[in-house]
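**Student:** Per numbering that gives the first Met the number 0, the sequence shown starts with residue 0, numbered consecutively.
Careful: at least some of the hints might be erroneous.
What the hints assert, rightly or not - Taking lysine-lysine and the DSSO-like style, the derived pairs with C-alpha atoms no more than 27 Å apart in a straight line are:
no.: 1; residue 1: Lys-70; residue 2: Lys-93
no.: 2; residue 1: Lys-51; residue 2: Lys-16
no.: 3; residue 1: Lys-60; residue 2: Lys-73
no.: 4; residue 1: Lys-69; residue 2: Lys-29
no.: 5; residue 1: Lys-69; residue 2: Lys-155
no.: 6; residue 1: Lys-29; residue 2: Lys-70
no.: 7; residue 1: Lys-119; residue 2: Lys-155
no.: 8; residue 1: Lys-38; residue 2: Lys-60
no.: 9; residue 1: Lys-119; residue 2: Lys-88
no.: 10; residue 1: Lys-51; residue 2: Lys-38
no.: 11; residue 1: Lys-155; residue 2: Lys-73
no.: 12; residue 1: Lys-29; residue 2: Lys-16
no.: 13; residue 1: Lys-146; residue 2: Lys-60
no.: 14; residue 1: Lys-93; residue 2: Lys-119
no.: 15; residue 1: Lys-60; residue 2: Lys-155
no.: 16; residue 1: Lys-60; residue 2: Lys-70
no.: 17; residue 1: Lys-60; residue 2: Lys-29
no.: 18; residue 1: Lys-70; residue 2: Lys-119
no.: 19; residue 1: Lys-88; residue 2: Lys-51
no.: 20; residue 1: Lys-29; residue 2: Lys-146
Said to hold, decoys possible - With beta-carbon atoms standing in for the labels, derived distance ranges:
no.: 21; residue 1: Ile-71; residue 2: Lys-16; range: 31 to 39 Å
no.: 22; residue 1: Leu-161; residue 2: Thr-10; range: 15 to 23 Å
no.: 23; residue 1: Phe-149; residue 2: Ile-95; range: 21 to 29 Å
no.: 24; residue 1: Val-133; residue 2: Arg-84; range: 47 to 55 Å
By construction, these hints were calculated from the structure, which means they are not laboratory data. Here a beta-carbon is modelled for each residue, glycine too, at the ideal position from N, C-alpha and C.
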Amino acid sequence: MNVREQQGKGTFTPDTKDLEILRLLEQDAKLSVREIASKIHLSPTPTHERIKRLEQAGIIKEYVAVLDRKKIDKGLLVLCMVALRVHNKQSAGKFIAEVAQLPEVIEFHNISGDFDFVLKIVAADMDDFHDFFVNRLSEIAGIGQTKSIFVMNTIKESHQLL
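Could you build the full structure based on these sequences and the hints that come with them?
**Tutor:** Spelled out as structure tokens, the structure:
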């Protein structure tokens, strides 16, 4: 079954050329269609069609600029684990909805183990994080326990999946 047949059935599996496009865009999303086409040895029109298909399939979710957080006064990185007091759909749903709105939380994951969630939080410094923790995060209903881990140094950080 080829890609077009798969698309008609509601599924889409990227082929080798699609994966090449994705790798290039992960490395530099500012590449033009012509530059990508040249690198993957296709003409611009089918390359553009492939990119559009990858976007429509939700494989390419968005195009972003990756910022150096230290250069924009977000030098403190904190991993905060949270356990809810009550484990049911309603309390988890309320917690998720509120945390998802906090701009300081740049990643938010539901996890297994002793804690229910892990939040990746950025702040200017310890005072800024303390203010966020005391006045915003801990005010969310349903939190039973938290544990914060302060990142001393980042060894590797990547957004590239391929």
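**Student:** Each hint should be assessed against the structure and marked as holding or not.
**Tutor:** How the hints compare with the structure:
1. Lys-70 x Lys-93: Not OK: Lys-70 and Lys-93 at ~34 Å, beyond 27 Å, violated.
2. Lys-51 x Lys-16: Distance ~14 Å between Lys-51 and Lys-16 Cα, so the pair holds.
3. Lys-60 x Lys-73: holds, 25 Å
4. Lys-69 x Lys-29: Between Lys-69 and Lys-29 the Cα gap is close to 23 Å, so the pair holds against 27 Å.
5. Lys-69 x Lys-155: Distance of about 15 Å is within 27 Å: holds.
6. Lys-29 x Lys-70: holds, 22 Å
7. Lys-119 x Lys-155: holds, 15 Å
8. Lys-38 x Lys-60: holds, 22 Å
9. Lys-119 x Lys-88: holds, 23 Å
10. Lys-51 x Lys-38: Roughly 18 Å between the alpha carbons, so the hint for Lys-51 and Lys-38 holds.
11. Lys-155 x Lys-73: holds, 17 Å
12. Lys-29 x Lys-16: holds, 18 Å
13. Lys-146 x Lys-60: violated, 31 Å
14. Lys-93 x Lys-119: Given that 27 Å is the threshold and the Cα spacing comes to 19 Å, the pair holds.
15. Lys-60 x Lys-155: Given that 27 Å is the threshold and the Cα spacing comes to 23 Å, the pair holds.
16. Lys-60 x Lys-70: Between Lys-60 and Lys-70 the Cα gap is close to 26 Å, so the pair holds against 27 Å.
17. Lys-60 x Lys-29: Between Lys-60 and Lys-29 the Cα gap is close to 15 Å, so the pair holds against 27 Å.
18. Lys-70 x Lys-119: holds, 18 Å
19. Lys-88 x Lys-51: Not OK: Lys-88 and Lys-51 at ~37 Å, beyond 27 Å, violated.
20. Lys-29 x Lys-146: Not satisfied, since the Cα-Cα distance of roughly 39 Å exceeds 27 Å.
21. Ile-71 x Lys-16: 31 to 39 Å: The hinted range 31 to 39 Å holds for Ile-71 and Lys-16, with Cβ atoms some 37 Å apart.
22. Leu-161 x Thr-10: 15 to 23 Å: Holds, at about 19 Å.
23. Phe-149 x Ile-95: 21 to 29 Å: holds, 24 Å
24. Val-133 x Arg-84: 47 to 55 Å: violated, 18 Å
Of the numbered hints given earlier, the model fails hints 1, 13, 19, 20 and 24; all others are met.
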